[in-house]
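Undergrad: Single-letter residue listing:
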Amino acid sequence: MSGVSFVVPVLNGRRYLRRVLSAISREARGRTAEIIVVDDGSTDGSRRIAESFRLKAEATRFESSSRGFRLQAEVRIIDGPRRGAAAAMNAGILEASHSLICQVDQDVVVRPEWLDMLLRALDDPAVAAAQGRYVVPTSARFWSRMAGRDLDLRYARLPERTDHVCTGNTAYRASALHQVGLFDETLGYGYDNDLSYRLVGRGYGLAFCRDATAEHFWRNSFAGYCAQQFGVGYGRLDVVRIHPHRATGDAVSRSIMMLHGPLTLAALAMALLSFVAVPFGIAGAVVIGLLAAERALAGIRAWRLTGDRATLLFPIAHMLRDLVWAWAILVWLARRLIRIERDPAHSMRRPRTTAPSAAANARVLVLVPAYNEAANLPRVVADLRAGFPDARVLIINDASTDATADILPALGVEWLTLPQRLGVGGALRAGVRWSRRHGFQIVARVDGDGQHRARDLARLLKPIVAGQADAVAGSRFLRGTHRATARRMTQRLLAVCLSAIARQRITDPTSGLWIFGPRAAQLLGDCHPGGYPEPEIHLLLARHGLVVREVAVHARERLAGRTTLTPARAAVAFARTAFAFIALTLRPDRVPRQ
Amino acid sequence: MTGLVQIIAVAVSAGLLITVIALVREERLREEYAFAWIVGSLVLLALAIWRNSLDLAAKWLGIYYPPALLLLAVILAVFVVSLYFSVVISRQRQQIEHLVEEVALLDAEVRGARGSSRGGRDQAP
Chain A
1 MSGVSFVVPV
11 LNGRRYLRRV
21 LSAISREARG
31 RTAEIIVVDD
41 GSTDGSRRIA
51 ESFRLKAEAT
61 RFESSSRGFR
71 LQAEVRIIDG
81 PRRGAAAAMN
91 AGILEASHSL
101 ICQVDQDVVV
111 RPEWLDMLLR
121 ALDDPAVAAA
131 QGRYVVPTSA
141 RFWSRMAGRD
151 LDLRYARLPE
161 RTDHVCTGNT
171 AYRASALHQV
181 GLFDETLGYG
191 YDNDLSYRLV
201 GRGYGLAFCR
211 DATAEHFWRN
221 SFAGYCAQQF
231 GVGYGRLDVV
241 RIHPHRATGD
251 AVSRSIMMLH
261 GPLTLAALAM
271 ALLSFVAVPF
281 GIAGAVVIGL
291 LAAERALAGI
301 RAWRLTGDRA
311 TLLFPIAHML
321 RDLVWAWAIL
331 VWLARRLIRI
341 ERDPAHSMRR
351 PRTTAPSAAA
361 NARVLVLVPA
371 YNEAANLPRV
381 VADLRAGFPD
391 ARVLIINDAS
401 TDATADILPA
411 LGVEWLTLPQ
421 RLGVGGALRA
431 GVRWSRRHGF
441 QIVARVDGDG
451 QHRARDLARL
461 LKPIVAGQAD
471 AVAGSRFLRG
481 THRATARRMT
491 QRLLAVCLSA
501 IARQRITDPT
511 SGLWIFGPRA
521 AQLLGDCHPG
531 GYPEPEIHLL
541 LARHGLVVRE
551 VAVHARERLA
561 GRTTLTPARA
571 AVAFARTAFA
581 FIALTLRPDR
591 VPRQ
Chain B
1 MTGLVQIIAV
11 AVSAGLLITV
21 IALVREERLR
31 EEYAFAWIVG
41 SLVLLALAIW
51 RNSLDLAAKW
61 LGIYYPPALL
71 LLAVILAVFV
81 VSLYFSVVIS
91 RQRQQIEHLV
101 EEVALLDAEV
111 RGARGSSRGG
121 RDQAP
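Chains as they are written, first to last, in the working numbering: chain A, 1 to 594; chain B, 1 to 125.
Incorrect hints may appear among the rest.
To be verified - Covered by chain A, according to a simulated footprint, are these stretches of chain B (three or more residues, beta-carbon under 8 Å): (1) 87-101; (2) 104-114.
Said to hold, decoys possible - Heads up, incomplete: computed chain A residues facing chain B, CB under 7 Å, no partners named: (3) L416; (4) T417; (5) L418; (6) Q420; (7) L422; (8) G423; (9) G426; (10) A430; (11) W434.
Everything labelled a hint here was simulated from the structure, so no lab data went into it.
Glycine residues also receive a C-beta, built at the ideal position from the N, C-alpha and C atoms.
Okay, chain A solo, but in the shape it has when bound:
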């Protein structure tokens, strides 16, 4: 009997994870089996649940094996690549050591004998994958039934040999997966369709096992339903782009279902055109009427099949779904028009995940951008030596016109001198690039005017080393009260806007005290904003899903000289940042792949 590897990708799946894993281990009992949990950066404590499950399995594993009978599955937890569900599954599949791979989602609880039935289907060597049947759990509420009962109806008409198996409660032949090159990691929703089509293209058969059932806990809210349907519709467009002949659907998603999105879009366009000529409006209404009638019939059939009277509301719920699909088509077309590359996050939004923790012995470089700071630099360097002694220091002399260039060699630190003035943004970009060439994984920055205390850096570094943040900013306003000056009010306004857009609390948008972990440093080396860049750094990091935290610090007055930030320049900086809000959201992601 061949062994079985279970692959369970997890991203914030705390809610059902324990039940999911217990059901799997019940199925695996008595076999040579392993359970691979791929944690793709959960922040909700899923990791802890998986960890405690692993420890329990470890304990009982020895217990039962001493009796000689009921061998328990070995549980392993690995770190996912945080590049989407397909990439997480591939990571799990590559980790698997057995010839059969069961992929179970974090919201799918398999029922007894699920595994036996799937394995029976896989006895036929021509079958590459076997899928169980999703059933709607009895606790399911309205919106999850609108999705689940529709699937019930579609599955009722599915033959035993099909041309598409969904992931989530499915057993794959490992050799077949490797032969077609695993899941396509550039796809979000629809990666399972893509894989199925490629398997069928290689001449493999796909099996549907009606009696191997698994409870699927769909998202239960209106917003969740809309978000999921948007993803499904959007992902399908990516798949059809790769497999144009599948525009007519497959055995699970029949062609009439594929028509719903485009026809709804056409009907909406006709409704707009009705202002030009009334017949357009009539034609649009007819199309909508036909689609509603089709859904009403489906609702009646689903009611007779499942006895769930809520399905009679299919026309309403599914017309809404059609609207969401029409919107997905528009968004997809717009992205193709402006040539944004395909990305799994377009259909499957990723929650913000934790940073991969930096190595404890990672080298730290402190960047000090300096423009005419000859009077302050010696004290800044001395402070860094005393307060943050393990780090190397790199001063970036931004074409100063005072004695800065002359004192640099005597300071005993690394330095760069820019031949032309670029501003703090360009200076930092040069510094980050220097750090990359010299193998530093963590980059800090302090101002050259001596307003930051070096010993605060040690506190900023902690969350990075612990893997709790990609970047940490020192905040002057996290604690205490501050005078309500005009400048302070502007900063407050900026902080409120930034917090709303970045979806994390930011109190000090113009802080110059930062530590960037490996992911953030990589990003900034490629595209550090220019000008007065601090607020834009927040935007850039948030846009790429990096985790930013603030730590309260105390800032001194600058030691000597004057700030370059005059009121007029502050106004320009504010306007620039306001515009960057818009520009950055329009720009395609620049996350370095891999």
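Given the coordinates of chain A, assemble chain B onto it according to the supplied hints.
TA: For chain B alone, coordinates are given in the frame of chain A:
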């Protein structure tokens, strides 16, 4: 009827065209930027020689006062050209910033190489 005005207009347009070509010949104007100017001066020359064309075009578009069409076209052309120049300047600024950073990095590297060849980490003058 050929007025003095037409002679002056033809002369000025031709002069503009010749100036552009001369600049290209002396490599003081790059070809990709010269193209717009050559097209522009050719259009001006055509309008100066065949004055009726402006009236015809204005009539066809339903503009009562033909010179307004000329002004509109010129404003539009200048707008497009200056937008194009903004793009060029932005790109050049990015290139310059990149070069400045690179120069600073190379400067540091040269300094390091000289320092280590002397057996110390201290700076070279």
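Undergrad: Now tell me, hint by hint, if it's right for this structure.
TA: Status of the hints after comparison with the structure:
no.	hint	in the structure
1	87-101	holds (count 4)
2	104-114	holds (count 4)
3	L416	4 Å, holds
4	T417	6 Å, holds
5	L418	5 Å, holds
6	Q420	5 Å, holds
7	L422	6 Å, holds
8	G423	9 Å, violated
9	G426	5 Å, holds
10	A430	4 Å, holds
11	W434	6 Å, holds
In the structure shown, a violation is registered for the earlier hint numbered 8 alone.
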